[in-house]
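S.K.: Protein chains in written order, with this note's numbering: chain A, 1 to 326; chain B, 1 to 326; chain C, 1 to 326; chain D, 1 to 326.
Hints may be right or wrong, so weigh each one.
The list makes no distinction among identical chains, and a pair is therefore deemed to hold if it is satisfied within one copy or across any two copies.
[Stated by the list, open to error] List time: in silico DSSO-like cross-link candidates among lysine-lysine, alpha-carbon distance up to 30 Å: (1) 110 to 188; (2) 47 to 298; (3) 40 to 6; (4) 83 to 6; (5) 40 to 280; (6) 40 to 141; (7) 113 to 188; (8) 141 to 113; (9) 151 to 6; (10) 83 to 173; (11) 113 to 151; (12) 94 to 110; (13) 6 to 141; (14) 178 to 151; (15) 165 to 83; (16) 51 to 280; (17) 141 to 110; (18) 51 to 165; (19) 188 to 151; (20) 151 to 110; (21) 113 to 40; (22) 83 to 141; (23) 47 to 141; (24) 40 to 83.
Since the hints were derived computationally from the structure, they do not count as laboratory data.
Number of protein chains: 4
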Amino acid sequence: MNSFGKNFRVQILGQSHGEYVGIVIDGCPPGIRLTVDDFKNDIERRKPGAKGTTPRKEDDIPEIISGVFNDTSTGAPITILFKNSNTRSGDYEKQRAVPRPGHADFVAHKKFKGFEDYRGGGHFSGRLTVALVAAGVVAKKVVGTFPGDNKIEIDSTILEIGGEKDLEKGLQKAIDAKDSIGGIVECKVSNLPIGLGEPFFDSVESLISHAVFSIPAVKGIEFGAGFAAAKMFGSEHNDSLINANGTTATNNAGGIVGGITNGNELIFRIVVKPTSSTPKIQETLNVETGNVEPFSVKGRHDLCIALRVPVVLEAVTAMVLADLIN
Amino acid sequence: MNSFGKNFRVQILGQSHGEYVGIVIDGCPPGIRLTVDDFKNDIERRKPGAKGTTPRKEDDIPEIISGVFNDTSTGAPITILFKNSNTRSGDYEKQRAVPRPGHADFVAHKKFKGFEDYRGGGHFSGRLTVALVAAGVVAKKVVGTFPGDNKIEIDSTILEIGGEKDLEKGLQKAIDAKDSIGGIVECKVSNLPIGLGEPFFDSVESLISHAVFSIPAVKGIEFGAGFAAAKMFGSEHNDSLINANGTTATNNAGGIVGGITNGNELIFRIVVKPTSSTPKIQETLNVETGNVEPFSVKGRHDLCIALRVPVVLEAVTAMVLADLIN
Amino acid sequence: MNSFGKNFRVQILGQSHGEYVGIVIDGCPPGIRLTVDDFKNDIERRKPGAKGTTPRKEDDIPEIISGVFNDTSTGAPITILFKNSNTRSGDYEKQRAVPRPGHADFVAHKKFKGFEDYRGGGHFSGRLTVALVAAGVVAKKVVGTFPGDNKIEIDSTILEIGGEKDLEKGLQKAIDAKDSIGGIVECKVSNLPIGLGEPFFDSVESLISHAVFSIPAVKGIEFGAGFAAAKMFGSEHNDSLINANGTTATNNAGGIVGGITNGNELIFRIVVKPTSSTPKIQETLNVETGNVEPFSVKGRHDLCIALRVPVVLEAVTAMVLADLIN
Amino acid sequence: MNSFGKNFRVQILGQSHGEYVGIVIDGCPPGIRLTVDDFKNDIERRKPGAKGTTPRKEDDIPEIISGVFNDTSTGAPITILFKNSNTRSGDYEKQRAVPRPGHADFVAHKKFKGFEDYRGGGHFSGRLTVALVAAGVVAKKVVGTFPGDNKIEIDSTILEIGGEKDLEKGLQKAIDAKDSIGGIVECKVSNLPIGLGEPFFDSVESLISHAVFSIPAVKGIEFGAGFAAAKMFGSEHNDSLINANGTTATNNAGGIVGGITNGNELIFRIVVKPTSSTPKIQETLNVETGNVEPFSVKGRHDLCIALRVPVVLEAVTAMVLADLIN
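Can you build the whole structure from these sequences, using the hints too?
M.R.: And the structure:
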């Protein structure tokens with residue numbers, strides 16, 4: 001099902017080439033200021049246009065059609081829609097016979113028995129992440145109202161593109177190879193209270209990873225020292241407690257012990273696979289002819305989808321935290 | 001909350017030094033054969049005793065107190081308990097002032113306002129994984145009844161200890177260093193149907209990672225090529241479809257595309273941090289004195305908890321699949 | 001939270017004087033034919049205009065903005081919106097000081113800390129039942145696809161108005177008294193399979209009553225013989241099984257035994273209180289002045305809201321059944 | 001599924017003739033005092049022995065096997081078991097061919113495909129209400145800690161037996177008729193805060209009725225004026241607000257408006273059907289012979305199960321309130 005959360009619950013909706021994509025947010029407390037302007041910055045960050053992203057123009061103006069009155073949340077479900085412009089779908093019918101490599105075309109066809117909206121990825125499209133970003137804007141506001149000494153801050157950045165810390169260099173690799181490329185994105189949350197999460201099943205790691213794997217193209221997640229812990233000794237990995245606030249000398253745990261926030265910085269990284277749509281010629285099955293045929297992607301696409309992920313990662317992280325704090 | 005699943009739902013219960021640990025399984029279909037013997041093999045696999053694991057004896061005989069009649073599931077909730085023997089808790093009170101590094105002692109104390117059962121890790125203890133294993137035995141049986149050409153099989157193995165593929169060598173590192181050590185465990189599932197999972201929020205990756213991070217000491221997960229995808233080009237990572245059954249030439253996606261199983265082998269890896277209880281002298285805060293003091297672990301503990309994880313990993317994976325298939 | 005269901009899940013949204021009211025339906029199977037025309041009949045049945053209902057004109061044309069492609073459900077969330085026309089809200093601000101008797105104005109103000117959309121009942125408005133009706137149309141189609149010897153049919157009718165079986169006579173009572181009036185509505189479902197529902201917590205009675213009390217103005221529900229059972233002997237109330245299909249000689253259980261459908265007609269009745277907005281002068285508190293003052297309702301309202309309930313009752317019943325069958 | 005609640009969640013388990021019945025309570029806050037003695041009074045109230053109830057002896061001593069430490073809740077799941085004594089099940093096999101009228105025997109057999117535990121009603125047995133009562137004891141304690149001017153109090157009483165307000169007279173009817181008999185039970189909750197519940201789907205009426213229909217034999221529920229509202233005018237039914245605390249002059253709404261508590265007494269009534277096991281000779285199908293045959297109940301049974309319901313009704317009401325307040 002396409003919903004997430006218990007006390008701050010989101011329901012995503014829409015397809016790439018439908019009339020709208022959008023999200024319903026249930027459980028947002030009343031009294032949160034919300035105007036269209038509040039969404040501008042994060043929506044801008046998700047937009048294509050930078051080097052390595054698609055130059056396709058998207059005018060993403062949120063339409064808040066419920067739950068907000070006098071620019072303030074009412075406590076009723078908040079619905080935010082984004083109109084899909086630019087949804088020519090002329091030749092999708094023809095392309096159906098050739099499931100795009102790396103895309104969900106084939107599994108969608110099987111799962112939904114041939115009734116899926118196959119235009120532009122349909123409900124599987126990265127287009128829907130604009131709805132996640134919108135929910136994230138609301139969630140960040142909710143999280144920001146949490147009483148504490150300092151404001152909870154969520155910040156996500158790109159760590160690597162194609163194995164390079166220099167992002168320009170990583171992108172250039174892809175441009176030179178006329179191919180798409182993967183990357184790693186990190187997220188940090190500061191000023192969290194101690195005690196969020198549950199020991200079994202609803203650990204903070206469980207909830208964050210659950211949400212994060214809803215971002216298309218994410219294939220892995222690690223907290224704190226992460227996979228490096230496999231090579232570490234216990235005496236290296238253990239974070240020594242140094243004061244009664246719970247501060248630790250190191251942060252290999254990434255701010256979570258026993259599934260529970262420990263008051264140190266929450267830190268985790270995700271891997272974003274290379275964009276499935278690559279300029280390179282590939283092979284795939286033509287399900288009509290039964291032959292494996294050469295395949296090339298039409299149109300302009302992101303070379304590196306990781307570039308657009310940070311703001312989406314912040315958004316789903318904020319959603320989880322809003323749910324835990326609410 | 002300490003429950004997981006929608007149609008095959010488990011509720012875990014118990015503390016390390018309480019009378020029992022156990023699990024309630026709701027949604028198990030009627031007519032599944034279940035005897036105490038069915039649990040033996042998996043419980044044996046979880047037991048300590050091998051090199052690198054604690055020699056502490058645990059007699060884990062499941063008591064099935066509901067939901068099974070004439071050695072067959074009835075459709076009503078199945079409750080399985082394990083009696084905790086060997087629960088001397090004499091000197092835990094004294095140790096409370098000194099939260100163990102890497103353990104949940106400090107966060108548990110804060111989250112539960114000092115009322116937590118602090119003996120032996122309480123509800124956070126690795127002891128509770130015996131209950132997960134029991135649920136996994138039932139889940140495997142449910143998954144095994146799924147109609148298909150071949151039986152769904154779940155298999156988990158240790159890939160690395162301390163960075164070594166030779167597990168003996170990895171363990172010896174720890175023994176030589178008089179320290180505990182981490183590892184990597186892999187899980188593979190074959191013969192899955194196409195179409196399990198949902199595009200948003202309930203992707204197979206989301207559900208598996210949610211469940212997997214309930215296993216104590218897991219700090220990361222990756223599917224298919226995983227973190228290596230960050231360095232890959234799209235043309236390398238994309239798995240070409242080669243026939244109408246959905247078979248792909250490679251399996252970088254790990255059997256999941258768009259969050260949905262694609263009929264290829266489901267494959268993922270997790271990192272298990274080094275056991276928090278290490279023989280090495282460490283430092284931690286004495287919350288009574290306010291001083292950071294040297295700290296040493298009493299008793300015998302696993303040097304490498306990863307060694308006991310494979311059967312637990314299979315168990316939570318089976319739980320997720322039973323939930324999806326049910 | 002404003003959602004309901006596990007496998008066929010609805011999320012309601014909107015306020016009386018917002019831009020739209022609507023519903024998101026998650027879990028609708030793919031391949032269900034759905035056009036705007038399919039909604040016409042049930043939406044028409046809910047409309048005002050008959051004797052005893054408000055003459056206010058509502059043009060309720062469903063806008064299906066997601067989840068349907070080529071007039072067929074895709075398996076992705078279906079979103080249906082209804083534009084609110086006629087939403088002059090000029091003088092609501094002034095009326096805020098005087099919570100209307102029988103309405104949610106006072107509790108909404110308290111619960112939502114003064115941020116509620118107070119225009120025309122806001123999110124509490126009976127206006128939102130048009131969204132329930134729309135979900136019901138989809139649910140009826142889902143239920144109608146259930147394989148069985150006969151098609152499941154849901155039918156709801158008014159039993160009494162103001163204590164009279166002759167509905168004209170009951171309404172005339174209200175017209176004569178220049179007051180609003182209550183009524184009783186019955187719902188019957190035929191051709192249900194045996195075995196829907198769960199013994200504890202998710203009995204069919206539990207789920208139906210949960211859904212039914214979401215219809216504004218409902219204050220009671222009874223199944224089969226219902227409250228009359230309080231005066232009956234066991235030998236009278238027990239329904240004797242007369243054949244192997246589960247047919248019973250009588251149907252005092254209303255088709256549910258032990259919380260489970262028994263294959264006989266599901267039958268239940270609800271009481272609908274008189275419309276809170278009555279033409280009669282009443283008294284209520286002016287929260288600004290602190291005085292209890294005379295109060296009269298402006299505008300035209302339904303004298304008997306029960307008249308518009310049958311199609312809404314069918315809708316929520318269909319939602320529950322779609323969830324159980326799905 | 002056999003669980004209920006979101007933030008205070010219960011999972012019921014066990015069968016009449018299994019080893020134990022019991023309940024797991026997840027979400028109980030830490031720091032609640034809980035000893036075996038705390039359960040005595042409510043368990044005593046549920047016990048048979050009074051006139052009209054079965055003289056069968058049940059020694060119901062709760063075994064708290066998890067979640068309580070030093071007589072105090074820890075915040076981890078609380079598990080409470082009751083050993084089933086007196087579970088001779090010798091001749092149940094023979095009785096299987098003859099589904100008892102009014103009981104769940106037939107539907108259980110169909111739903112669970114013949115694998116149900118058919119001894120003494122199995123998982124459908126009224127025996128499981130002892131587990132509800134235990135959860136109610138915990139829930140009442142949680143509700144009792146809600147900060148407010150006055151302590152929230154839940155009180156349930158029998159209103160009628162067999163149509164008589166004089167309960168002795170009602171029972172005598174049944175004794176004279178050598179038959180079982182139904183009744184009406186009322187529940188009142190005082191000192192509730194304003195604002196519990198949600199406008200759609202999770203109204204207080206929705207949640208309470210959901211829980212209440214888990215009590216075996218309940219066939220109807222009404223809030224405030226209830227079914228009498230069908231005959232009332234709006235001006236009669238509307239409760240006038242008389243002060244800023246939300247006090248109303250009358251309480252026809254039963255303390256709930258728009259699905260939300262309004263601070264007045266919560267009041268509702270349920271109908272309890274006559275005990276299905278009546279001393280009278282009845283008829284039912286013999287599924288082996290295919291004939292409808294005379295049937296008589298063996299053993300001693302409650303003449304009027306309503307007599308034992310009040311404490312169970314308080315329990316499930318407390319569970320709902322604990323969930324809403326938690």
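S.K.: Determine which of the earlier numbered hints do not hold for this structure and return their numbers in increasing order.
M.R.: The structure breaks hints 5, 10, 14 and 15; every other hint is satisfied.
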